[in-house]
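From first to last, the protein sequence lines are chains F and E.
Position 210 (the first sequence) corresponds to 210 in this note's numbering; numbering is contiguous.
Position 53 (the second sequence) corresponds to 53 in this note's numbering; numbering is contiguous.
Quick caveat, the hints were computed from the structure, so don't treat them as lab data.
Hints may contain errors.
Simulated crosslink set (EDC-like; lysine to aspartate or glutamate; CA at most 20 Å straight-line) [claimed, not checked]:
(1) Lys310(E) with Glu33(F)
(2) Lys246(F) with Asp209(F)
(3) Lys13(F) with Glu135(F)
(4) Lys310(F) with Asp118(E)
(5) Lys314(F) with Asp308(E)
(6) Lys251(E) with Glu269(E)
(7) Lys296(E) with Glu166(E)
(8) Lys294(E) with Glu33(E)
(9) Lys310(F) with Asp239(E)
(10) Lys310(E) with Glu259(F)
(11) Lys113(F) with Glu33(E)
(12) Lys63(E) with Asp11(E)
(13) Lys310(E) with Glu269(F)
(14) Lys314(E) with Glu291(E)
(15) Lys22(F) with Glu166(F)
(16) Lys314(E) with Asp247(F)
(17) Lys310(E) with Asp239(E)
(18) Lys90(E) with Glu33(F)
(19) Lys314(E) with Asp308(F)
(20) Lys108(F) with Glu257(E)
(21) Lys294(F) with Glu134(F)
(22) Lys310(F) with Glu130(E)
(23) Lys90(F) with Glu33(E)
(24) Lys22(F) with Glu167(E)
(25) Lys294(E) with Asp172(E)
(26) Lys22(E) with Glu167(E)
(27) Lys310(E) with Asp308(F)
(28) Lys13(E) with Glu166(E)
2 protein chains.
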Amino acid sequence: MTLPSRQDLLDAKTRIKNIVHKTPILTSTTFNEMVDAQVFFKCENFQRMGAYKMRGASHALSKLTPDQLSRGVVTHSSGNFAQAIALAAKIMGVKAKIVMPVNAPAVKVEAVKGYGADIVFSGPLPSDREQAVEEVISTSGMTFIHPSNDLQVILGNSTCAQELIEEVSGLDIIIAPVGGGGLLAGTALAAHWFSTHTAVWAAEPQNVDDAYRSLLSGKIETNDRTDTIADGLRTNLGDINFPIIKDLVGKVLVVSEEEIIAAMWWIWERMKIIIEPSSAVAVAAVIRYQEEMKGKRVGIIISGGNADVKALAK
Amino acid sequence: MTLPSRQDLLDAKTRIKNIVHKTPILTSTTFNEMVDAQVFFKCENFQRMGAYKMRGASHALSKLTPDQLSRGVVTHSSGNFAQAIALAAKIMGVKAKIVMPVNAPAVKVEAVKGYGADIVFSGPLPSDREQAVEEVISTSGMTFIHPSNDLQVILGNSTCAQELIEEVSGLDIIIAPVGGGGLLAGTALAAHWFSTHTAVWAAEPQNVDDAYRSLLSGKIETNDRTDTIADGLRTNLGDINFPIIKDLVGKVLVVSEEEIIAAMWWIWERMKIIIEPSSAVAVAAVIRYQEEMKGKRVGIIISGGNADVKALAK
Numbered sequence: 001m002t003l004p005s006r007q008d009l010l011d012a013k014t015r016i017k018n019i020v021h022k023t024p025i026l027t028s029t030t031f032n033e034m035v036d037a038q039v040f041f042k043c044e045n046f047q048r049m050g051a052y053k054m055r056g057a058s059h060a061l062s063k064l065t066p067d068q069l070s071r072g073v074v075t076h077s078s079g080n081f082a083q084a085i086a087l088a089a090k091i092m093g094v095k096a097k098i099v100m101p102v103n104a105p106a107v108k109v110e111a112v113k114g115y116g117a118d119i120v121f122s123g124p125l126p127s128d129r130e131q132a133v134e135e136v137i138s139t140s141g142m143t144f145i146h147p148s149n150d151l152q153v154i155l156g157n158s159t160c161a162q163e164l165i166e167e168v169s170g171l172d173i174i175i176a177p178v179g180g181g182g183l184l185a186g187t188a189l190a191a192h193w194f195s196t197h198t199a200v201w202a203a204e205p206q207n208v209d210d211a212y213r214s215l216l217s218g219k220i221e222t223n224d225r226t227d228t229i230a231d232g233l234r235t236n237l238g239d240i241n242f243p244i245i246k247d248l249v250g251k252v253l254v255v256s257e258e259e260i261i262a263a264m265w266w267i268w269e270r271m272k273i274i275i276e277p278s279s280a281v282a283v284a285a286v287i288r289y290q291e292e293m294k295g296k297r298v299g300i301i302i303s304g305g306n307a308d309v310k311a312l313a314k
Numbered sequence: 001m002t003l004p005s006r007q008d009l010l011d012a013k014t015r016i017k018n019i020v021h022k023t024p025i026l027t028s029t030t031f032n033e034m035v036d037a038q039v040f041f042k043c044e045n046f047q048r049m050g051a052y053k054m055r056g057a058s059h060a061l062s063k064l065t066p067d068q069l070s071r072g073v074v075t076h077s078s079g080n081f082a083q084a085i086a087l088a089a090k091i092m093g094v095k096a097k098i099v100m101p102v103n104a105p106a107v108k109v110e111a112v113k114g115y116g117a118d119i120v121f122s123g124p125l126p127s128d129r130e131q132a133v134e135e136v137i138s139t140s141g142m143t144f145i146h147p148s149n150d151l152q153v154i155l156g157n158s159t160c161a162q163e164l165i166e167e168v169s170g171l172d173i174i175i176a177p178v179g180g181g182g183l184l185a186g187t188a189l190a191a192h193w194f195s196t197h198t199a200v201w202a203a204e205p206q207n208v209d210d211a212y213r214s215l216l217s218g219k220i221e222t223n224d225r226t227d228t229i230a231d232g233l234r235t236n237l238g239d240i241n242f243p244i245i246k247d248l249v250g251k252v253l254v255v256s257e258e259e260i261i262a263a264m265w266w267i268w269e270r271m272k273i274i275i276e277p278s279s280a281v282a283v284a285a286v287i288r289y290q291e292e293m294k295g296k297r298v299g300i301i302i303s304g305g306n307a308d309v310k311a312l313a314k
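Please put together the full structure from these sequences, using the hints given.
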């Protein structure tokens, strides 16, 4: 495949720079001592609406034609991408419909409504969701934006690692969590064009290790189970992001549920920041595979902070 | 009374600059819209050992004579000052004994031990604690450092607001929580010398409103109750910090337990940072008294992040 160009990535950064926050990069002496490496946490939990998804959503919207913008956008998501599209659409004065399953948590539904998007409820199955999206498209002419398998979303996501690479020189490795693959593909592209000596590795829950198996088999694998606390990482790779990942990502590090939970609590209690379980997967990978990172400069993409603290603390 | 000089404050900053972190200042568009003011959060939850107490403790130690340093230091605290003295003493290679009540939470005792300090257990009453300190002093010749009523501790604490004032120009108001008074006195001194047009106000739980009553009566008042979630603010003012506070602090804003808890959760969930209940008192004051801050530039000292998340989320 032909990778997006260096200029494509730079353009994405310019297009969204007035919409997204440049997020801070934190370090922890205690964490560094624990893993014997220099670790840089790129904190997208401080991004608008609380996750990196704001980058991809706002970039995808910024690439629409005036005609498309006038008809609005539709996506399906019960998580961060729903809020990201809703907020980006609000900022740009565009109509948005979000297809959410009827069993989506009320708090997520309220958050999307709070940003002014319309909710379309669908049945709980992927086929129900797709049918609902089709109906919206055929009746309203809205443009569908996929949460992770969309090149403009991937380019938007690449701006996170672009910022990290600009601010921290000489990174040996960048670790990003992998679910649908949109963040990982964007991160890998950023390193490919702006820091060629930096390896990009993925982190994934062992219970939903489809990306791990996909890199081994060379084709997109699926999961038989979805039982992971990292609710943002239950989805599979797509035909647009997988070729990029296959080309540019060195390896996938898998971690257990216990390791994810321990890493999440460590960050909450010691670094005093709220990260969501999906982000803790990347932290857990650095802790578990520290032998491979000894003495290295390691960037971790902290993808978001939309954790249900009360539920997780039970 | 004669206030410490501008130079005293500058000297304190120089003395501890290699020991403490310069902490970040965060803002939140959503919070600003909610209270209709421009609010700057000075994040001492990211300070070493998780609280501003590191500043006062390390400054007090830095002022000791070689003879005093060789004999070591003692303090009484079951909270952040215990960890601060323990860590500062460890960094400076000084022996430290911390008097803690037998009923101190095990997690706090372990944290102090983790920094290498010796624990001396006392009975639960203030008189027990003072007796234990006296015994340590008479047997070991250690120097006692009070957590809040000590001029060198106050000068160390002043460096927090010094940093805030340097980085954020034109602040109309700075709000600091008040317990023992050491942070409030230091904050007031910093504004007095480096930003004379900035008012310094205190925030205090209604249930332990001794500082509120002390400013009204002009003498140090005490509490009959200690039932507040803000465990760092249960103590009374002292004869060294009260004259400074009386002279320089405009008013004390009191808030209810419900307001403290709501503010703490708002910051955890929306700003994605862990702040301890004592810090939430200052946030709650800005929310409750927003009419008085409308359109103003307001600094909030987020004093620390050593919250027991699991217990508080119950």
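Quiz item: Looking at the structure, which of the earlier hints fail to hold?
Solution: Of the numbered hints given earlier, those the structure breaks are 1, 3, 4, 6, 9, 14, 16, 17, 20, 21 and 22, listed in rising order.
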